[in-house]
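> Those sequence lines, one after another, are chains U and B.
Everything in the first sequence is counted per this note's numbering, starting at 4 for the first residue and increasing by one.
Everything in the second sequence is counted per this note's numbering, starting at 21 for the first residue and increasing by one.
By construction, these hints were calculated from the structure, which means they are not laboratory data.
Just so you know, not all the hints are guaranteed correct.
Said to hold, decoys possible - Distance ranges between label pairs, derived from CB positions:
| hint | chain 1 | residue 1 | chain 2 | residue 2 | range |
| --- | --- | --- | --- | --- | --- |
| 1 | B | VAL206 | U | ALA317 | 46 to 52 Å |
| 2 | B | ARG227 | U | ALA12 | 38 to 44 Å |
| 3 | U | ARG302 | B | THR82 | 24 to 30 Å |
| 4 | U | THR263 | B | SER64 | 55 to 61 Å |
| 5 | B | HIS160 | U | THR255 | 55 to 61 Å |
As the list claims (entries may be wrong) - Incomplete in silico selection of chain U near chain B, CB under 10 Å:
| hint | residue |
| --- | --- |
| 6 | LEU6 |
| 7 | MET17 |
| 8 | GLN303 |
Unchecked claim - Over the 10 Å line for every Cβ pair with chain U, so calculated as not near, a few chain B residues:
| hint | residue |
| --- | --- |
| 9 | ARG30 |
| 10 | PHE36 |
| 11 | ARG37 |
| 12 | ASN47 |
| 13 | GLY84 |
| 14 | GLU92 |
| 15 | HIS145 |
| 16 | GLY154 |
| 17 | GLN165 |
| 18 | ASN195 |
| 19 | ASP199 |
| 20 | GLN202 |
| 21 | LEU213 |
| 22 | HIS224 |
| 23 | VAL243 |
Note that CB positions come from ideal geometry on N, CA and C, so glycine has one too.
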Amino acid sequence: MKLLWAYSARNVWMRSGTTMLTIAGLALVSLVLLAVLMLGNGLDRALIESGSPDNLLLLRKGATTEIASGIYRDQAHVVSTLPGIARTTDGRPLAIPELVALISLTKTGADSPANVVVRGTRPDAFRLRPQVRLSQGRTWQPGTTEIVIGAQIATRFLRDSIGTHLRIGKRDWLVVGIMEAQGTAFESEIWGDVDQLMSAYGRDSYSSLTLRLSNTTAFQSIDDAIAADTRLLLQVKRERDYYREKSMTMATFIRLLGFTFTFIFAVGAVLGGTMTMYGAVASRTREIGMLRALGFRPRQILSALLFESLMLGALAGLLAIGGGMALQFVTLSTMNFSTFSELAFRLTLTPGSIFITLGFALSISLLGGIPPAIRAARLPVTAALHTPGR
Amino acid sequence: MSQSVIEFQRVTKSYFRDEQEVPVLRNFSLSIPSGKFLAVMGPSGSGKTTILNLIAGLDRPTQGTVHAAGIEVSRQRESDLARWRARHIGFVFQFYNLIPVLTAAENVELPLLLSPLTKRERVKHVQAALGLVGLSDRIHHYPRQLSGGQEQRVGIARAIVSDPTILLADEPTGNLDRDAAQAVMVLLSRLHLELNKTIVMVTHDPRAAEYAQEILHLDKGKVT
Chain U
4 MKLLWAYSAR
14 NVWMRSGTTM
24 LTIAGLALVS
34 LVLLAVLMLG
44 NGLDRALIES
54 GSPDNLLLLR
64 KGATTEIASG
74 IYRDQAHVVS
84 TLPGIARTTD
94 GRPLAIPELV
104 ALISLTKTGA
114 DSPANVVVRG
124 TRPDAFRLRP
134 QVRLSQGRTW
144 QPGTTEIVIG
154 AQIATRFLRD
164 SIGTHLRIGK
174 RDWLVVGIME
184 AQGTAFESEI
194 WGDVDQLMSA
204 YGRDSYSSLT
214 LRLSNTTAFQ
224 SIDDAIAADT
234 RLLLQVKRER
244 DYYREKSMTM
254 ATFIRLLGFT
264 FTFIFAVGAV
274 LGGTMTMYGA
284 VASRTREIGM
294 LRALGFRPRQ
304 ILSALLFESL
314 MLGALAGLLA
324 IGGGMALQFV
334 TLSTMNFSTF
344 SELAFRLTLT
354 PGSIFITLGF
364 ALSISLLGGI
374 PPAIRAARLP
384 VTAALHTPGR
Chain B
21 MSQSVIEFQR
31 VTKSYFRDEQ
41 EVPVLRNFSL
51 SIPSGKFLAV
61 MGPSGSGKTT
71 ILNLIAGLDR
81 PTQGTVHAAG
91 IEVSRQRESD
101 LARWRARHIG
111 FVFQFYNLIP
121 VLTAAENVEL
131 PLLLSPLTKR
141 ERVKHVQAAL
151 GLVGLSDRIH
161 HYPRQLSGGQ
171 EQRVGIARAI
181 VSDPTILLAD
191 EPTGNLDRDA
201 AQAVMVLLSR
211 LHLELNKTIV
221 MVTHDPRAAE
231 YAQEILHLDK
241 GKVT
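Sequences and hints are given; from them, build the entire structure.
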C-alpha cells in the first residue's frame, strides 16, 4: 500500500499553502506544550537536581526551609561524630554546617533589587556537591571575607565581578571566583566562609547541616540516632527530597497554568486540523468515490486520510521540537517562594518532553483528522462520483 | 450464444427526494451475454447510470435481483462487494477521475494494489495496459501533462489493467472533442474485439453508440 501512502504524502505537498498554515498552527500549540514541559524540567533541574541522592539535610524540627532553621554549633558537632557519615581522604567527616542569608542586589540593567541567597559554607562543599565547580578564579580562603558567586549571579547581577567588593552583613567581601553548577539553584547563590558570615551577621547558629552518607543504608541509622538523642531537636531529610518539596508548589503551579493554556490552544488546533482535513476531503470527493468504485474499502480510505493527518502532526511536532531546541538558550528567573530569593533556570529539553510533544502533535492531528476521514470513508460512492471537483 | 454475464430480473429502483419516491427503473429485465458490447442510450434521468451502478454493486435495487460475473450482486455485503469489484469490474468515467498527484503509471497501478501481485508483476501489467492504449511513452507523466484524450486512455488502461470480467463505461467520450472521442471509441472497440471484453457503455453520443454491437434505448426506466 506504499502507493496509497505516497498519494497521501503528495496531497499534503500539493496543498502546501493550506497545509503549511495548519502545520504552523499545530506546531505553535505543540511548542506551547513543549515550553511548559521545558519550564517544569528547568525548575526541576534547578531545584531537585540541586540535591544529591547521597546527601542528607538536617534542619531544626518544624522548620520547612533553611532560612527558617537554626542548628547550634554543639548540635552540629554531635551530628558530625555519628557513624555512617562519609569521610574526606584526610579522615574528616563530610558534614558541613551552613548559614543561609539573603542580601538584596540590583540586576544589571534594572532598577528594582532582588533577593539573592548567600551561603556560608566550607570548601568541602565542592566535594559534597560535585555538580558545583569553579569556572573562573579560585575558591575562598577559610577565615577570610572572600566569596565565590554563581554563574547566574555573575551574568545577571555582577558582570566582570572578580576583584570587586560586595557588602554582605556588616562587612565588605571580595569576589574571587565564579562557580557553575549544571543549571542547579547553586548557580543563583553566593558562597563564602561560614564562620565569617556568622560573624558578619552576628549569628550564633547555623541554618542547616548537610552530610554525605557513607553508604545508602546509613540513612536510617543516622535518622534513628538523631531521633533518640534529646539534645538534637533536628529533622533529617534526604537533600533531594527537601529540594523536591521546595520545587513542588512552583512547578505544579506553572504546569497547571501551562497545561490549561495548552488545552485551550489544543482545542483550537484540533478544530483547525479538522477544517483542513474536511477541505482536503471535500476537494477530493470524486477521487475518493473512484477509489471506492475500484474496490478500495472504507477502512483503506480511512487509513490513508488518517495517515495524511498524522503526517501534518509529525511535521508540526518536529517543527515544535526545533523551536524547543532554540528555547534551550533562554534563561528565565523567578522568585523561589521557599527562600524568597531570585532563582534563575534554563528551559530544559529532555527526551521525555520531546516524546510527549511528538505524541501530543500526532494526537491532536489524529483527533482533527478522524471526523473528516470517517466522513470520506462513508461517502456514498454513487454520489461521490458525481460531485463536481477535480 | 454465450452464457449471460449480467442478468437483471424484474428490477425496480427508486430514489427518494424530499421524501418523494422517484422511480428510475421499473420492472426492468436484461440479459447481457459474455463478450457483448452494449451501449445504453437515453435522456437524462432515464436510468442509464443506475444500470451501471447496479451492475457494479454501487447501488442496490429496490426490488428484483442483479447477477453479474457469477454472483447475485444485490445480496452481497459491502466488504465482499469491494473485493469482487476489484477483481471483476473495470470503470471508465466521463471525467477520467485520475488522481492528479500520481503519474499515469501510478494511476493505472491503483486497482492492482488490491490484487496479490508483487510490485514487479504490477509494473509489467501497468506497462502492458499503457502499451495497449498507446501511452507507453507517457508512463511518468502526471495527468496535468496529458491531453483530455490521453487522460481518458489512461483511465481505460486503469480499467483494464486487472483484466476484469466486465468493463463499465459512463459517458467515456462525454468530455472529449470529436477526434479524441473517436480514438477512445476505437480503443474500446478493439478491447471488445481483440480481448473479447464485455462492455456496457452509457452514452448520449450516437456516434459513440455506433461502435457497440447493440444499443439499448431507455426512457423513464423502461426499454423503448
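> Could you run down the list of hints and mark each one as holding or not?
Hints, verified against the model:
1. VAL206(B) <-> ALA317(U): 46 to 52 Å: Holds - the Cβ-Cβ distance for VAL206(B) and ALA317(U), about 48 Å, lies within 46 to 52 Å.
2. ARG227(B) <-> ALA12(U): 38 to 44 Å: holds, 42 Å
3. ARG302(U) <-> THR82(B): 24 to 30 Å: At roughly 28 Å between Cβ atoms, THR82(B) and ARG302(U) fall inside 24 to 30 Å, so the hint holds.
4. THR263(U) <-> SER64(B): 55 to 61 Å: This hint holds: roughly 58 Å between Cβ atoms.
5. HIS160(B) <-> THR255(U): 55 to 61 Å: holds, 59 Å
6. LEU6: holds, 6 Å
7. MET17: holds, 5 Å
8. GLN303: holds, 9 Å
9. ARG30: Label holds. Min Cβ-Cβ 22 Å, cutoff 10 Å.
10. PHE36: holds, 13 Å
11. ARG37: holds, 13 Å
12. ASN47: Label holds. Min Cβ-Cβ 21 Å, cutoff 10 Å.
13. GLY84: holds, 18 Å
14. GLU92: Non-interface label on GLU92(B) holds, nearest chain U Cβ at 18 Å vs cutoff 10 Å.
15. HIS145: Nearest chain U Cβ is 14 Å from HIS145(B), so the label holds.
16. GLY154: Non-interface label stands for GLY154(B): nearest chain U Cβ at 22 Å, farther than 10 Å.
17. GLN165: holds, 15 Å
18. ASN195: holds, 13 Å
19. ASP199: Given a closest Cβ separation of 25 Å, the condition holds.
20. GLN202: holds, 25 Å
21. LEU213: holds, 25 Å
22. HIS224: Consistent with the label, HIS224(B) stays out of reach of chain U, its closest Cβ about 15 Å off (over 10 Å).
23. VAL243: At about 22 Å from chain U, VAL243(B) clears the 10 Å cut-off, so the statement holds.
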